[in-house]
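For this one, chain S is given, so just place chain V on it according to the hints.
The chain contents come next:
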Amino acid sequence: MELVQVGTPDAAVLIAERLRQGLPRALVVHFVETLGVLGHASAGPALIEVGLPHRHPDVRAAAIRAVQACRPPGAALAIRARLSDPAPSVRAAAAVALGGLHDHDSVEPLFLVLDRHLYEAAPSLASLVQGDEIRRLTAYVGRLPFDVMSPALTELFAREDISERNKLDLVAQLQELGTAEVKVFLEDLADSIPAQGRDARVRQAASDAAMRIVD
Amino acid sequence: MNHRMPSSSRPALGSLVAGLALVVGSGCAQSIHYDTFGIAAPDNRPERIEAVLARLAAAPAPREHGVAYGVGGDPSELFVTDLETGRELWRQPAQPRSWPHLAGDVIVSHEGERIVARDVRTGAQRFAFPDHGLWLVGAAGSGHIGAFTLSSNAGVTAHAELVIVHGTEVTQRLSARHVMGSPEVAAGMVMVPWGSQYLSFLDARTAEEVARVRVRGSVLGHAFAQGGHVYMGQRDLFRLTPTIASGSREDSAHYVPPTVDLPGRPAFMVDPYQEPPAVDSAISRVRLAFRPSGTGEDVRLTDDTLYALFHQVVFALDAESGAVRWAYRAQQNLTGAEPIDGALLLAEDDGAITILDARDGSVSRRIEGSHATTLVRFHVGDVQRGPAATADPDVGAQLSAIADHRDMRLSAASIFALRSLRALPGEGPTASLVGLCESETAARPIREEACDGLAERSDGQQAVLRALARHADFVSGTRLPAVAPLADAAVRMGAVAAVPLLVEHLWDPATPDEALPNIVAALSTLGPAEAAPALLRFLRLYHADAATNGLRIALETAMNALAELDADLVQPALLEIASDEASSSTLRLRAQYLLQQQASRRAAAEAERQAELDAAAEEEAAAQAAARPATPGTRTVVSTEPLSHLTREVALVTLEPVMPAVRACMSDAGQDSVRLILVVNPTGEWSAVGTSPASLQTCVAPLVRSQRMPAVTSSLRQRLTFVVSR
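Just so you know, the protein sequences line up as chains S and V, in that order. Just so you know, the first sequence maps onto residues 1 to 215 in our numbering. Just so you know, the second sequence maps onto residues 1001 to 1726 in our numbering.
Calculated directly from the structure, the hints in this document are not laboratory data.
Each pair of labels, with its calculated beta carbon distance range:
hint: 1; chain 1: V; residue 1: GLU1368; chain 2: S; residue 2: SER127; range: 56 to 62 Å
hint: 2; chain 1: V; residue 1: ASP1074; chain 2: S; residue 2: ARG136; range: 53 to 59 Å
hint: 3; chain 1: V; residue 1: GLU1440; chain 2: S; residue 2: PRO88; range: 15 to 21 Å
hint: 4; chain 1: V; residue 1: GLU1504; chain 2: S; residue 2: ARG25; range: 19 to 25 Å
hint: 5; chain 1: V; residue 1: PRO1533; chain 2: S; residue 2: ARG136; range: 42 to 48 Å
hint: 6; chain 1: S; residue 1: PRO73; chain 2: V; residue 2: GLY1426; range: 46 to 52 Å
Sample of chain S residues at the chain V side, in silico, Cβ under 10 Å:
hint: 7; residue: GLN21
hint: 8; residue: LEU23
hint: 9; residue: PRO24
hint: 10; residue: ARG25
hint: 11; residue: VAL50
hint: 12; residue: LEU52
hint: 13; residue: HIS56
hint: 14; residue: LEU83
hint: 15; residue: ASP85
hint: 16; residue: VAL90
hint: 17; residue: PRO109
hint: 18; residue: ARG116
Backbone N, C-alpha and C fix where the C-beta goes; we use that ideal spot for every residue, glycine too.
Bound-form chain S, shown alone (with noise of 0.2 Å):
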């Protein structure tokens, strides 16, 4: 803890070099999550190559979380890689890192790992679609469950740099759905959006769908 608290490249760099010299697991998820808090990407290395193909999911989890915070190079690639654990829970957090990182190549392992019903990458697609993907993203809804998709949902109305004809399309593809969940989202998406100013007209096609769908 006194080595977080000095925070340096150092200090990373040593506990780097005491991850590879093999800890109790306790130890190790402490230490790989403690890199994490330093966020040098001195520590990549280490991270890298200790912490990602350990043996213990919880570790590997645990490092790809600290190697999105370090960002040192070539973390895509090794977290995308991490999208063919055994582990459930190691699967779900490269996806979710993969968003983070804006990693626009890991778009097609997401799209895959979603069709093998990883929904953690439903969000993380959110972020990163383009151009045509966002229509592939959002052939998902209703294919899959409404709360898989809605996170990935909000993600993709809070974008800036989707169209607003593209949002609405996929208000009109919500209302197609008309359950009730999809009410309620249209509701708090509508009330989401401020009154005036960009997708105005999409808070608007919101709400207006949203009383369209009947209780």
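Positioned in the frame of chain S, the structure of chain V alone reads:
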């Protein structure tokens, strides 16, 4: 004693005989005989056997029309299908108790308490009579002559009857006070096995016995005529040749089936002296099928193949060795099988008939059926078989497919297939074992046995390397290979190319803990130098986290291997582990032990090095002394004057009496040389005696100590080393 008389001339008939005489259908030319098969009649008379053989040789080959007949449907029906046209000839309601039989122009079946005969071409009933408690044992025919046997249980009350048919009429009925087996008809003769050991040849027209064969030490229950030859047997198969007159099993032309632990353990032939199996008995689906062939004294099976049936599966076995040549799994349950030259006819319970090529089990023709069948029998004539196979069968793949399923009813076939697969050499069977070991559909015992088989493979390296190159991948859906048996197989194969692949699995979190010891052991054996960095890294990283047995054993194995390979390389890690309180206790203790061992070795090496230096100094001193001119009267080797110090020469002379025994120790231990490290007190008493190798210490040291070195004037202990060679 034999005696036969027409029923009409016998004044006092038993009720059985009277019953039999009355029930025979009208129009049948009949004559009933009693005790025709008496045991007092002579057997194995060479001239009679020669006469039978001559009659067989002179007979024209019968023109047989191929038919399939049997039982099927619900309610039960009898049917006959023309095999040459594939057309069903007739189908009639009937509930046979046992297998129906073809006897010349009639199909004979045991229905209720009656024996019923139907015209094979039309199905019209030709005759019927009560069974009087007898079973329908078997039947045969040639041209228009047919014969069938009825029999009771064996024992003192045993009795049986032979019925001979011409066309659709009964012409002879002969009774016996012995059980009868399954008959045959050929060359105008009816051949009837009886009494377990006899085969009588009767003239089909007169019912006169023309010859009798008896084979001691074997059982005669069936007779076959095939290609102008007559065969008989039950547990083994005899051909009628002049040598059978010996009456000896060993001296007769015969074939013995291979001893193979087949699924269901079917008998070579169904025992005709037991009650016949029911139509739906599993015996019709779990049995052996064969067709006799060969010439002269050489008795063989057609295509040198013995077919083993098990419900849906056929294994084609080498007739001599029993090795599996090919295997076939039918789409449905098997209800019949009949080998012909170059092919095997199979009937399935959906009514389909499949013709398999005898060379590889490939389907050469399939005739779809229109009715379900319970039992199908074949009377084979000319059958169109379709094109012959050209490729060698991939028997490994065939056996693997049979082993890999979850149908518990077929588990015995699966296990047999797997064991046969394990016995096959080559790449393909290894690849099949890899697939079965990982299979998600195979039953657990099959998977486990496949993994055991894989671990014991010594060939098929490429299949092992291909499997090891694979890693579990959620995205692609790739399954984890069975790393542990693959690692063991790689060691057996000496597959050094597997080392980098195994290192990758060592670091793959998908590798289960229980596979780690196998991986580490394989790395230690196959490429310790190449794998050392990875093993060292693995040891350091997990030494404080050996939560499972698999991981702990793997770490210990890695530690031992590294200590053996490169003591200097591993020493820092051993020091860390030995002093790290977080290390697991067993690892820590092991590390401490290895460090002590290393220290001892270093000390021994240092002592040896010092001894070599001393020896070199002594040799140099001795050489200098030898270079000085000798003083007259000076004794160079053994002096009466007190010695100032021991020399090698003095030591060797002193030890000379025990040297033969020392060399014997070396010989026993298989050592060509031993280095003696001797430490002697000034008084000549031994301070220490050491040997290298240390394994000779217990044998050599007492011998050396039994000799006393001379005292010297020096006050220092002296060290001598020298090498003794055989």
